[in-house]
Structure formats: structure tokens, C-alpha cells
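**Q** Each chain, written out:
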Amino acid sequence: MSAPVLSVQNLQTAFRVGGQWRWAIEDLSFDVAPGETVAIVGESGSGKSVTALSIMRLVSETSGRIEGRIALDGRDLLALSEDEMRKVRGNDVAMIFQEPMTSLNPVLTVGYQISEALRYHRGLDKAAAQAEALRMLEKVRIPSAKTRFGNYPHQLSGGMRQRVMIATALACKPKLLIADEPTTALDVTIQAQILELIKTLQDEEGMSVLFITHDMGVVAEIADRVVVMWKGRKLEDAASEQVFNRPVHGYTKALLAAVPKLGDMEGHGRPLRFPAIDAANGQVKGVPTLAADTVKADEAPLLEVSGLTTRFGIRGGILGRLRGRVHAVENLSFTLQRGETLALVGESGCGKSTTGRTILRLIEPTAGTVRFQGRDVTGLGKGDLLDVRRDMQMIFQDPFASLNPRKSVGAAIAEPIVVHGLAKGSDARDRVAELMRKVGLSPDMGGRFPHEFSGGQRQRLAIARALALSPKLVVADEAVSALDVSVKAQVLNLMLDLQAEFGLAYLFISHDMAVVERVSHRVAVMYLGEIVELGTREAVFADPRHPYTRKLLSAVPVPDPARRSLRRELAVDEIPSPIRALDWKAPAQALVEVAPDHFVRQAV
Amino acid sequence: MSASVHDAGPASPPRMRWLSATLGAFNANKTSWVGLVIVVAVILAAAFAPLIAPHDPLEQDILSRLQPPHENYYLGTDYFGRDILSRLLYGARISLVIGVASTVIALVIGSLIGVLAGWYGGRFDVVVMQAMDILLAFPSLILGLILVAMLGPSMENITIAIALTSIPSFARIARAPTITVKERDFIEAGRALAFSDARIMARHILPNIFPEILVMGSLWLAAAIRTEASLAFIGLGVKPPIATWGGMIREGFENILDSYWLVLAPSLAILIIVFALNILGDGLRDAIDPKLKGER
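Residue numbers (the working numbering), protein chains in the order written: chain H, 1 to 604; chain X, 1 to 296.
Since the hints were derived computationally from the structure, they do not count as laboratory data.
Built from N, CA and C at the ideal position, the CB exists for glycine as well.
There may be inaccurate statements among the hints.
Derived coverage of chain H by chain X (criterion: at least 3 residues anywhere in the stretch with Cβ under 8 Å from a Cβ of chain X; other residues may be distant) [said to hold, decoys possible]: (1) 388-394; (2) 415-421; (3) 461-470.
Below, computed lysine-lysine pairings styled on BS3-like, alpha-carbon distance capped at 30 Å [what the hints assert, rightly or not]: (4) K407(H) to K182(X); (5) K424(H) to K182(X); (6) K231(H) to K253(H); (7) K424(H) to K438(H); (8) K175(H) to K146(H); (9) K87(H) to K126(H); (10) K382(H) to K182(X); (11) K175(H) to K139(H); (12) K472(H) to K182(X).
Only part of the chain X face toward chain H is listed, based on derived beta-carbon distances under 8 Å [to be verified]: (13) D185; (14) F186; (15) F195.
Kindly generate the complete structure, drawing on both the sequences and the hints.
**A** Quick look at the structure:
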């Protein structure tokens, strides 16, 4: 093997927190060979992003300390002066970040920003830099690069911005590209495009890539070698095939067991619980069990949505006249039985969250009816609405934001019980304790405040509060998307257990196809505010009929390194916008039953 | 379960956390201690004026008119031979009572208007806030002057007039964070839990925006004291012979050329309390600044 491009030896990084030094990375060593892609994978707090910042020496000198040796082509970066280091950044090592909107300057055109890097680092004159920048935009496959050159960042979509970031990073032909969660904020079809682009560019430029991610699926798609980190330490460092097929460390095994894989559920009729994991050694305990059969198919539907439409007006001009409408939800119809989980899947802007909020009438619908337990929710007055809302609850994506920071969690869970007069005083306290035990938390934690809990615990609290009113329907809006894999598995197990115990119906809103496959009974695929495919989970995943469903499924990264050599075509298509002109008419399409209980939107 | 890995230490109630954050910010910004000490000293002096004051503030002594400061009258005497130090101490009571009362009234009514406007939005918000903007367009002294002239110069009316001049500011201050907090998930969670609008505003929005309002309260207290003194100086203050700082300056103005101390003492008193309240407000502002909060 040739000499490594990057060699990290005994890296230790500490931060000063409240006057004390805390180690964020302890004794980390790894190499990146020329042309190799190394993925650093770990959950939040594992030190994977700090590793990237340490290599770039972007850790603040006053509050951070880096020790050890970081050699780039044999040159120790930690021994360089700040001026010399500045030349290394951008020239030899480039970095792309998770959020491409914040890493681009909003008041400068993207063309200017790329040519600025070229002029600064490669000393090109203005005309040459512009020509080169244009070539870079074409290289990252931005369609009609000439017009895009003069665009400002806000005029580009998230995927386009990330392409611009990559173009900026590659402008000086770095030997090493550090990518810190570059696709986490992107939709799954766009993520597939960007991963493909990085792979292609790596072949073309022959550079090494250090790829930081929490997503095992992404790792399998891109990495030659994997470094698994946990709490600032390296647990495993091996070729992808070995890590995925023969993991050595217990934590790696647990991490892999907790990741739902698309296609895992073939032959299972019901949702499947995740295997229990021993926290002490990370060993998988027992085999995953099928969830109990909870669906009450013979009863009248709990929720009947028909023709639901939600539009938002866009006003513009001096007089504030109506210019167009966002067709967030268009003519949506579905039913939900007691004890059933219906998943609404789709990419950002498809209207899945608006649907959930409209059903609870947190947003007023434009047309259509929502019948809950036989009662039309859309026509209710304020008092009756408050009544119905008790039986419908919601769990949000960000559990920290959904808890009042100035209320103790016990008080937050007790509040709905007391306000609705379900219990008082010590009875209410007993009920809170019972709810906290139900979601796997100790009742003595009731006096603490939301910021004192971890992300997974907060989501458990949010679930406990939602259950306080004994609802029959829970709308879970991306409820597990912000959680680490292992925590995500636990919270999903909890949701399955609660469904079995209380006969809850879930409207499970998610963009994550693998999670949806694992927990849902039926699936509705949404695209531009409409359901394009609706059917049992088995039918939709095993036999997707609508082209969009197929595209969505093929874009999901699968944690299987054997697929790494598979190349998709370098697509650049965007998710279209649901903004329409005032006189827009929906094309004549309807859901057609193509198989029993399997509907696809087709022209009629 | 690994979810308990992040177990935090024992919890402290929110009031204590707020207090310790405030003290921490005060220590980071030492001048806020100066502000706090001066404000507390002035409050104590006003409260115990009958015990501390060397003379009766209303007692006239024709034989010792317009005396410069000496050991009998530490700050001298005025045109009627009244002790300036005693009048200053009693005057502090008027300033503080009117200042605090008008600020509290303005804070309560203004925050109410601001929270309601921010929460309901739409036409209600537009109409209410336009009305506030019109009030805000008047210089507070002119507005206070008109109101006192209409109502008559009694202590209650002056308090009401000053309160009315600062209600728009509090409404503005309360409205902006209400709109921000309203968009947060825990408010939507409250709506999903079928809480009434009143409950969400009182229990969930207000506690989250109250620190910001309180900081503005301490800054507006200084402004209210200044307005009260200005009104008294123009002659629309509490009626003589009751001692007020603004009234003392007005009375001393006629003899300012040969008896400078008549004006100097009350002017300095106003300057010191306004200055102290302003730096105290700055300290409080630092205390609630989220950037400093992270450094707990």
C-alpha cells in the first residue's frame, strides 16, 4: 500500500467546559490511503465531527486543545503556523458541511463564491477564475450552469446548494475531501444523487474522501473502510465488508441490528419489533418479535378522510393580491382503523406534515371532510373541537422544542390531566408516575426540566404527555427522525408496545422508508400533496406500481457494502414545487385499485 | 437502557436557576452591582425618610433662607428656609411611588395588549399595533403633559398619564417574542392537548417572554422617573408644598445664579437614580441573554 494521504495518530482533542477540560476525542488513530474513502460513523456525541474539525484545525485555540499527530502527506499539520495552515485548508484539504445554506454567503452569487476561492488559492485572474468556476459548476452536473452562475444561494434548492459547495471544495483539486454529514439534510432521492456525484468525482479527480455520517446505509454505499466511533474512542477500523458482515465489537453489532433495512420485512405480515440490546456489552439479546395483531379491521373506521384539501395563498405586489397558491394537500382520501398504523411517506414539500396538522385542525382545511369516530371534525365549533382533540394527539419531530423549557416534565405531563379534569392532586401525581413508567422512565425524574434529558428520553416524555389524555389516534410527525439509531429503535419498540396495550392508531408521518416498512400496516406514498400509491405495507414495498414509489425505494441507501459497486445514473432532477397559478386545474387522475387493497393514482 | 446514559445531576427549581444566572451575569458585569446597590440604597432612604431626615421637609424657617450647605443643613436651605436634604429624601418617595406604579401599570396592560396582538395576529394585531404606533409617535413628555392638563395634577393622574405614555413600548416589547414563541412546537403541542387560548398565553407564552419584559421594565422605570421630574419642572407635578425632585428644581430655578445648590442636589439625585436603573437593566439584560446562559 502506498503512503497514506492522511495519517492521524493518537489524536486527542479537549474542550474547556465551565473551566474544566473535557476530552471529546481520546487516542484516535487511523489512515486514509490515496483514492480511498474512509467513513467515520457514530452516534451523536461520538466525536466524529470533532475529528473533522481537528484535522482542519478549526477548533478554537482558546477553548480547545489538540494533541497527537495529524500528518497530511507526511507533513504534521499540528506543527504548522496559522498562516501555513490557512494555505493547507482549501488547497490540500477541503471540507463540505451538513447545511449548505449556512455555509454559503447569502449576499454573493454562487459563481462569485467559487471564483473567489480560485483567485485566492490558485492565484487566477478574474476572467480565468470565472471560466474555471463555470467549468466546476458543469463538473458537479448543475444543469444550465451559465444561468446558475449568477444565482444567489436562496434561488437554489438544497441539493443544488450542496453541489455548489462541492464545486467550491473541489476548486483547488484537494488531495483530501472531508464531508461532514453532507447528505443528512437532503431528501432521499437527492441524497442518492449527491452520493453518486461524490463517488464519480472521486474517480475523476483521484482524491481521498473522509466521510462522516451517522447513517449505516450511506456508509455502505460509499465507504471502502469504516471507522466506528463511540464516545470519542475508536471501536472498530476495518474494510466495509468486514464491518458489515463480520463486526467484531459489540457496539457495532448493536448499531447494525438497530438499523432497519429495506426489504427486511419480506414475509412478515405485521410490524416487527427491534431486537433488545444489552447496553453493557452491546450484544443483541434474543430475536426480534413480531408485534401483536392490533388492527380492528371489522370495526367502523376510526378516521375517515375524504377529499381533504389544504392550500395556502401566496400574496405579492404592492396591493397584496393573490398571486398563486401552495397546493399543500390535494384531494386526499384514506381511512384508518383502530389499532392500525398508516404511514404517510414522501419527501419534503409533499404535504405529509400539513396533512397531519389539518386532521387535528391545527391548520384549517380548504375543502374536504375529516370524520373521527363518525364525527365530522371540520365543521366543529371551538368547544367541540377541544373535546375531539383529546382523543387525537400529536408527537413532534423535535422533542426538545415540543416541551416548554420553563416547565418541569412532571408538570408538563400533569397539565393536560388537570386541565381536562381527569384527576386532581395525588391522583394526578399517580397518573403521571404511571405514564412515566409506561414510557420507560423513572417517576422520580418528574421534577427535572427538559434540558436535563437526552433526546431519546425527551421523546419518551413527549409520548407520555400525548398519552395523558388516553387518545385513540396519535399523529407521529417524523417522531423518530431526529434520534440516534439505537435510541430510534427503542422509541419505535415503545410505540409498538403502546399500540398493543392501548389499541392506538398511528398516523406515522416519515420520510424514512426503512422505518416505515418496519412499523406500519398500510402505507400511503405522497407526492406534491397527493397520494400516488396506497396499500398494505407488503403490497407497496414488494410490488410498487407508481413510478415515484419505485424511484423513492431505489434511492434508499441499503446497509450492504456489496451494493457499493452498483452505480446509479447521475440524475439531476429536482423535487418539483407545489406552488401553482390561480387558474391551475388538477389533471384528471384518480386512485385506481390495481390489486386488492392496493391503489395507484392513474389517469382516468 | 442506554437512554439513561445522559442522566443529569439533581434538578434545581426554575426560580433558583434564574437567580443564579442573574447573579452570574452580575458578577461578569461588575457595574450592575453598583446599580443594584444604589437603587436599594435610594429605596431604603425613601422608605425610612421620616427616621433619617434631619428636619421636617415642610417646616419653613424664614431666618435661615437660602443658606449654603453647612453643618446644620447638609445640603443648604431653599427660598422658604426648608431643609433641602429632608425635601430630597421625601421627594424620593414621590418619584419612586409614581415611577414604580406607572411602570407596573404600563407593564401589565402593555404586555397584555402585546401578547394578545401577537397571539391572535391578523386584523386585530394590525389595528391595535397601529393605535400603539400613534401613541408612540408623541414624545412621552408632550403626551404626559396633555393628559395631566386634562386630568388635573394629582398623584394618581400623573401616574396614569405616565403609564399611558409607556404602554405602547411594553406592547411592542411583548408582541415580538410572543410571535416567536407562538411558532414553537410546544405551543402547537399545547393546542393539540386541547388547552384553551387563555391557558396557552398565560402558562406557556408569558413565562417564556417575561424576563425580557422585566428587563425593559427596569429601563422604563428610569424613564418614568425622568418624565415625572420633567412634568413637575413644567409645573404639572404633585402640588406644592409636597416635595418632588422636579418641583425642587423648578423652585430653585429662580435663584439659580446665586444659590446653585437649590438645583444641583435634586438634579444629581435624578441623574444618579436614572443612571443606576439603566446599568441595573443592562445587567438584567445580560442575565437573560441566551449566549451567556450557555456558560452556566
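**Q** A separate judgement is required for each hint: does it hold in the structure or not?
**A** Evaluated hints:
1. Counting residues of the stretch 388-394 of chain H whose beta carbon lies closer than 8 Å to any beta carbon of chain X gives 5, which reaches the threshold of three, so the coverage claim holds.
2. Under the rule that three or more residues need a Cβ within less than 8 Å of chain X, the assignment of the stretch 415-421 of chain H holds, with 4 such residues.
3. Here's how the stretch 461-470 of chain H fares: 5 of its residues keep a CB closer than 8 Å to some CB of chain X, so the rule of at least three is met and the hint holds.
4. Of the supplied pair hints, the one linking K407(H) and K182(X) holds, its CA atoms being roughly 16 Å apart against a limit of 30 Å.
5. Between K424(H) and K182(X), the direct Cα distance comes to roughly 28 Å. Compliance with the 30 Å bound is thereby established for this hinted pair.
6. For the hint pairing K231(H) with K253(H), the CA-to-CA distance comes to about 16 Å; that is within 30 Å, so the pair holds.
7. The hinted pair formed by K424(H) and K438(H) meets the criterion: a straight-line CA distance of about 20 Å does not exceed 30 Å.
8. Distance restraint check for K175(H) and K146(H): the Cα-Cα separation of roughly 28 Å lies within the 30 Å cut-off, and the hinted pair is therefore satisfied.
9. With a C-alpha separation of about 20 Å, the suggested pair K87(H) and K126(H) falls inside the 30 Å cut-off, and the hint holds.
10. Between K382(H) and K182(X) the alpha-carbon distance is near 19 Å, which keeps this suggested pair within the 30 Å criterion.
11. In summary, the hint linking K175(H) to K139(H) is supported, as the alpha carbons are separated by about 17 Å, within the 30 Å threshold.
12. Annotation: proposed proximity of K472(H) to K182(X) holds, straight-line Cα distance about 27 Å (limit 30 Å).
13. Interface hint at D185(X): satisfied, since its Cβ lies 4 Å from the closest Cβ of chain H, which is below the 8 Å cut-off.
14. Contact between F186(X) and chain H, as hinted, is supported at the beta carbon level, the nearest pair being about 5 Å apart and thus within 8 Å.
15. Because the smallest distance between the Cβ of F195(X) and any Cβ of chain H comes to about 6 Å, under 8 Å, the interface hint for this residue holds.
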